[in-house]
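Visitor: Sequence:
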Amino acid sequence: MGLDQEPPFDFWPYFDSIPEEDFHGHDFSEGRVTYAWQSPDGAHQHVLVDCETPNVFLVLVLDLHACSVLGHHLLDLNRLYGLT
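Every letter in the sequence shown is one number past the one before it in our numbering, and letter 46, counting from 1, is 88.
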């Protein structure tokens, strides 16, 4: 997905319903997406919502056939790989 492409469906209501504790103190309030990958079979898309902290993202997994969000995950590459 290119940066100028529209999302396949409106996933922001799901994002807005995520409990604050799932953010682990990180700020995702800008609602900016700079990375998204589609699975080779075209069934799913992984959307990375940017954080104020470099290398930290909230990943949303989209089911493109059902037009629904399957779930989310806090991806903290700083913690996982010792990045600074």
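Hints are computed from structural coordinates only; laboratory data are not their basis.
As the structure is a prediction and not an experimental result, all values here were calculated from the model.
Check the hints yourself; a few may be wrong.
[As the list claims (entries may be wrong)] Simulated restraints on C-beta separations: (1) N97 x G73: 14 to 20 Å; (2) P55 x G124: 18 to 24 Å; (3) E62 x G84: 17 to 23 Å; (4) G124 x E48: 35 to 41 Å; (5) T126 x Q47: 28 to 34 Å; (6) P49 x T126: 28 to 34 Å; (7) P55 x H115: 17 to 23 Å.
From the three backbone atoms N, C-alpha and C, an ideal C-beta is built for every residue, glycine too.
Visitor: Evaluate each hint against the coordinates.
Guide: Verification of the hints:
1. N97 x G73: 14 to 20 Å: holds (18 Å)
2. P55 x G124: 18 to 24 Å: About 35 Å separates the Cβ atoms of P55 and G124, which means 18 to 24 Å is violated.
3. E62 x G84: 17 to 23 Å: violated (33 Å)
4. G124 x E48: 35 to 41 Å: Check passed, 36 Å falls within 35 to 41 Å.
5. T126 x Q47: 28 to 34 Å: holds (32 Å)
6. P49 x T126: 28 to 34 Å: holds (31 Å)
7. P55 x H115: 17 to 23 Å: At 18 Å between Cβs, range holds.
In this structure, the hints that do not hold are numbers 2 and 3, in rising order.
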